[in-house]
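*Asks:* Make the full structure from the sequences, and use the hints.
Each chain, written out:
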Amino acid sequence: MQRQMEPRSANLADILERVLDKGIVIAGDISVSLVDVELLTIRIRLLVASVDKAKEMGIDWWENDPMLSSRARREEIDSGRADSDALAEENAELRRRLEELEAERG
Amino acid sequence: MADGLYAYALTRADVADQVATTGIHGGRVTSVTHEGLAAVVSPVDLEEFGEDGLRRHLEDLDWVRDVAFAHDDVVREVARLGPVAPMRLATVFFGPDSVVERLAGMAAELTQVLDRVDGRSEWSVKAFSERDGATAQEGEGRPATGRDYLARRKQQAQEKETASERHVDAVEALHGELAEIALAGRHLSAQDRQLGGYTGEMIMNAAYLVGDVDGERFRGLVEDHEAPAGLRFTVEGPWPPYSFAVLEQG
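The listed protein sequences derive, respectively, from chains A and B.
Residues in the first sequence are numbered consecutively from 1, following my numbering.
Residues in the second sequence are numbered consecutively from 107, following my numbering.
Fair warning: there could be bad hints in the mix.
[Unchecked claim] In silico EDC-like links for lysine to aspartate or glutamate, alpha-carbon gap of 20 angstroms or less:
#	chain 1	residue 1	chain 2	residue 2
1	A	Lys22	B	Asp109
2	A	Lys22	B	Glu342
3	A	Lys22	B	Glu215
4	A	Lys22	B	Asp254
[Unchecked claim] Now the in silico label distances, taken between C-beta atoms and shown as ranges:
#	chain 1	residue 1	chain 2	residue 2	range
5	B	Pro202	A	Arg3	40 to 46 angstroms
6	A	Glu6	B	Glu215	25 to 31 angstroms
7	A	Gly58	B	Asp224	17 to 23 angstroms
8	B	Gly317	A	Glu99	22 to 28 angstroms
9	A	Ala27	B	Asp151	50 to 56 angstroms
10	A	Arg8	B	Thr217	26 to 32 angstroms
Worth flagging that the hints you see were computed from the coordinates, not collected in a lab.
Cβ coordinates follow ideal geometry from the N, Cα and C atoms, glycine included.
*Replies:* Pasting the structure below:
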């Protein structure tokens, strides 16, 4: 069973938000988790997440009932509006922390 | 320094056997198998990919980008040949014994994950919202009074809110249509404007798991969907199922 895959997305954000944040996570022998690397973590969080209405959600499996998730999505969008202020604040805090860390590194 | 094994993806042994490609720094991609399952791997220098090396390199976005591209290239090659569970970046083992041990410990869950993505791919659908074109302000003269000015500002705010709701409704409507074909869906965070290379506001960043036979029909649904003024949809795929082949262990 062979099939065509689309060539790699030209958009770096598409690749990074998948290879850094999705996919299978199992313990390798080298024990550096991406969460440990503070500078990268902060940079990536700033790069792939911006203040917006869209919110991260878990996976919905609709093999049996697609309409279930459409209703849930409406609620998600409505509550997302309220969260954008919290995101703005977090964003500002992350940028401040990044400046701090970069100043320390000198 | 000694070599370790960098793991790109997990799949079935008979699929891994067909993979013939190169990975990070041109290393030859092979597989480590255990009872019908396999990890697709290539050798990497432990100086670069050991604990100290990784800590250093993960702070360098250029390095991360180059490794991410090589990683994704191998994942896509496996996806071309059969069901694939892509790994997250930077999983490195000292040798094949460790890999076999890990495969043995997760065999049942991994089999389930692979069954779930077999014959299916990930599609990305995004929506970009720009402010509607002409507002009431254009083409009118200066407000005659302070009250006129305030009335006009209020009207503009209401128009903006209405346009914004219209855009959200359109996203909701498209999502409902796509959910009829897709087997699963997931919303990702909005992307940074500079990194994502877009204008306007990204108000939808969704991933869908779609059967390969339905791919072109899925694409057509997005491309043919009428968007209100100031809103535009994009659709990309088929991609390997990063967002749906999800498993976390120890």
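*Asks:* Against the structure shown, which of the earlier numbered hints fail to hold, in ascending order?
*Replies:* 1, 4, 5, 8 and 9
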